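Student: For reference, the chains in residue letters:
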Amino acid sequence: MNTATSNGTLESLLRGQPALPASPLAWLNRLRAEAVDRAGALTVPSTRDEDWRFTDISPLTKMPFHPVSSPSPLDAGEIAGLALPEAGARLVFVDGVYAPHLSYNEAGIVVENLAAGSSRHGTAIEPHLGRHAGFGDNIFAALNTAFLRDGALIVVPCSVSVAAPVHLLFIATQPEAVSYPRCLVVAESGSTVTVVEDFVALQDAAYFTNAVSEIALADSASVRHVRVQRDSSAAFHIANCAVSLACASRYQAVSIALGARISRHNLNVLQASKGAECVIDGLALITGHQLADTHSLVDHAQPHGVSRQSHKCIVDGAAHAVFNGKIMVRPGAQRTDSSQSSRNLLLTGKARIDTKPQLEIFADDVKCAHGATVGQLDDEEVFYLRSRGLSDAAARNLLTYAFGAEIIDRIPVATLRQRLEQIVLAQTHR
Amino acid sequence: MSTVLQDLVNQPYPHGFVTNIESDVAPKGLNEDTIRLISAKKNEPEWLLEFRLKAYRQWLGMEEPKWPNVRYPKIDFQAISYYSAPKPKKKLNSLDEVDPELLRTFEKLGVPMNERAALAGVAVDVIFDSVSVATTYKQRLAEVGIIFCSISEAVQQHPGLVQQYLGTVVPVGDNYYAALNSAVFTDGSFCFIPKGVKCPMDLSTYFRINTQESGQFERTLIIAEEGASVSYLEGCTAPKFDTNQLHAAVVELVALDNADIKYSTVQNWYAGDEQGVGGIYNFVTKRGLCKGVNSRISWTQVETGSAITWKYPSCILRGDNSVGEFYSVALTNHRQQADTGTKMIHLGKNTRSTIVSKGISAGHSNNSYRGLVKIAPTAAGARNYSQCDSMLIGDQCGANTFPYIQVNNPGAQVEHEASTSKIGEDQLFYFAQRGIGAEEAVSMIINGFCKDVFQQLPMEFAVEATKLLGLKLEGSVG
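As you go down the protein sequences, you meet chains A and B in turn. In terms of our numbering, the first sequence opens at residue 1 and continues consecutively. In terms of our numbering, the second sequence opens at residue 431 and continues consecutively.
Bound-form chain A, shown alone (with noise of 0.2 Å):
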């Protein structure tokens, strides 16, 4: 990449910036104009970098990109197949604009749009926005914090716990659109409470979301987050998720990749306090010429960390799925129990599988594994189908599901297990 185009697209990109309204705290505009300066100071990253090597976006640098001013207007009947009737609470965004008219709140604990919370809620959040997801060096999480203006926020009280889940719905309707969803979920401690992120589209088009989300884990406080990304094959999706988890909290994440024509996701947990665990569980099931691509660090910083870690790729048609999983064990944090696997599918001929399940260890009373594989239906498995009466489509097609519902099972939320499940099963059944 020369710099005139990478200039050029950050400018592209970065045109929107002056027309955001000053907000009334200080440190957010401190905040909002340390990341401009920062991503203008960074390129848009090529496969030249070792973290984009498998990962092409000339092409999203290619499209005019502009953010959107009014959205379109949707009323409730048109996302009523999107609801989930568990939800305690619900934000819409569509194309990174907050609906309130779509929204409610009856969970009882923070669920708002942060432009309205940011103010009122000042002292809860200054500590975590922008603190967790580091903007130095990674351009994309910059312009997102440049653009800084509105986004989820949720903050559950100490000790309270929230059976409930809490939807957030991000909505893409226009072609060209850029949006940068935003989330802040602190959990203080003792806290449960569960959050699905939800990434939709409502037509074929060609958009680009920026998603950063937050998630500050206090002591002994518990999160079960959902991720599905099923944005339009023709659009791109960069997310930045980043988890701080004190001592003895719980983080369970479940991430599902199904859209989009060029899809990022980084997942950096780190363990900032002793005795937390992580469960980060991944799924990408992809097709025709999309590529998935998910960078996770699970940083154990302190002793007694557990971290577990399971993701899977199904890759069909052309695809292309890149998988970089590290983990690092810092120096001190003894008695770290990691593991992790990669395992993945290829279905076709043109189908590839990019993967490193990668270790970093400095300390020497811990235990750590990891295992990758990569293969094909096993012949086996599937001539045992065949024997009890299976064609042997069908039975390459329950092995397939199978092999990606092993993840969506671990979905808490039934209703959206169900509509995934559903979605895996049309798209394995070829």
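Treat the hints as calculated values from the structure; they're not laboratory data. Treat each hint with caution, since some may be false.
What the hints assert, rightly or not - Reference excerpt, derived from the structure (chain A facing chain B, CB under 7 Å, subset only):
#, residue
1, Thr43
2, Leu346
3, Thr348
4, Arg352
5, Thr355
6, Gln358
7, Ile361
8, Asp364
9, Gly371
10, Ala372
The structure presented is a predicted model; accordingly, all values stated were derived computationally and were not measured. Glycine residues also receive a C-beta, built at the ideal position from the N, C-alpha and C atoms.
Given the structure of chain A, go ahead and fit chain B onto it with the hints provided.
Tutor: Just chain B now, kept in the frame of chain A:
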């Protein structure tokens, strides 16, 4: 032990003087004239000079690789003399004159008596006549048509063969250090096994007796024709002292239809002292090409020395049904850094590869496994199994794993597993209970950890390698 080692490394060559120094040592620095001088000194044909110059010109446009997980001060390539005549070694008259520490090392390793003398630099004819032994070996090899000589000799005697294969596996501009080596290499080994010949002996045996100055920029080329097979051992378990800090070698292997090459390395170069002062930089490019069907290339390495190791013995599996193997033990202690692993490039149908890597880090060292398994769209039915295990001894060291897996064919089966462990208090306690001291226990545990790799070594080296690891880890546990 380290001060003795340091003294040994730092000691000048009191008996080494070179007559007519002007003509035998090239002035420091690297330019086209230096390369022309090297080529002229070695009386090389025109095509080889062109090969060197082409490499040099590419090297000028290249940058030193920054991606390895190693740290070292910048190397001044203009401060190195790229050609000098072999230095006469200090001759000793009997084993009594050899440093007792060195003898203790041999004792611990179990090096055979007659070889100890040769390795320590005692004039070998005092003990036995190495020339006649070497000649006997050479005759036996010549009878079956095997060519085994230095690469300079091969350039003179068999220029056609060298020209046909040199640079075909590692192209001149492959990487920074390979390009440098291609431009300035001075010597190395050449081995040619003709069609259908099974090499009657491990070439190691011969090699060990002729411990010669291999030089800083070593070049090795091994060719196994259809149906041929050979086992080659490079290096040796005994500590090797060298005044050159930078070593940039290139090894190329070519296996034609049904050929089989087994290449084993035991490397124990000076690793610097406990504070990381001194030590050799070992930046090596090793690659084998399974050119023909059913061919097989197997790399086995035991890396215990060098301050920095940067090497990835690789296999390009082009022939259908060809097999690539990589077995490695890399041990780092004190301030050593190792970034090593392999690349298995599957191009042909039903190609198979196995990777077994064992990394042991102790002290303040850093040990990385970096591997690539690439399955091309053409490699239907390809199969890979990788296992890389790390063991950490102490909490100041690091163990990293960077396995790249790139699959472009649905018929491929690729499996990768990695684990990390340590020598536990409970394990040592168990040994102590049975009357086995800590040091011996560590040696046994390490031996068990590395068993899969040692099994691949020629027998006598497997025995020595086991002892070598125990020796290298002396004092790091308990």
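Student: Does the closest beta carbon of chain B sit nearer than 7 Å to the beta carbon of alanine 372(A)?
Tutor: Hint on alanine 372(A): holds, closest Cβ of chain B at ~4 Å, below 7 Å.
Student: Next item in the hint list is aspartate 364(A). Is there a CB on chain B closer than 7 Å to its CB?
Tutor: holds, 4 Å
Student: So, as I understand it, the hint says leucine 346(A) touches chain B; can you test that by seeing if any CB pair is closer than 7 Å?
Tutor: holds, 4 Å
Student: Holds or violated: is there a CB of chain B closer than 7 Å to the CB of glutamine 358(A)?
Tutor: holds, 5 Å
Student: Glycine 371(A) was flagged as interface toward chain B. Is the shortest Cβ-Cβ separation under 7 Å?
Tutor: Since the shortest Cβ distance to chain B is 5 Å, the answer is holds.
Student: With chain B as the partner, please determine if arginine 352(A) meets the hint condition of a C-beta pair closer than 7 Å.
Tutor: Holds, because the Cβ-Cβ distance from arginine 352(A) to chain B comes to roughly 5 Å (cut-off 7 Å).
Student: Does the CB of isoleucine 361(A) sit less than 7 Å away from some CB of chain B?
Tutor: Holds, because the Cβ-Cβ distance from isoleucine 361(A) to chain B comes to roughly 5 Å (cut-off 7 Å).
Student: Does threonine 355(A) pass the interface check with chain B, least Cβ-Cβ distance below 7 Å?
Tutor: Since the shortest Cβ distance to chain B is 5 Å, the answer is holds.
Student: Does the CB of threonine 43(A) sit less than 7 Å away from some CB of chain B?
Tutor: Hint on threonine 43(A): violated, closest Cβ of chain B at ~18 Å, above 7 Å.
Student: Interface hint check: threonine 348(A), Cβ to nearest Cβ on chain B, cutoff 7 Å. Holds or violated?
Tutor: Since the shortest Cβ distance to chain B is 6 Å, the answer is holds.
The structure is inconsistent with hint 1 alone, although it conforms to all the rest.
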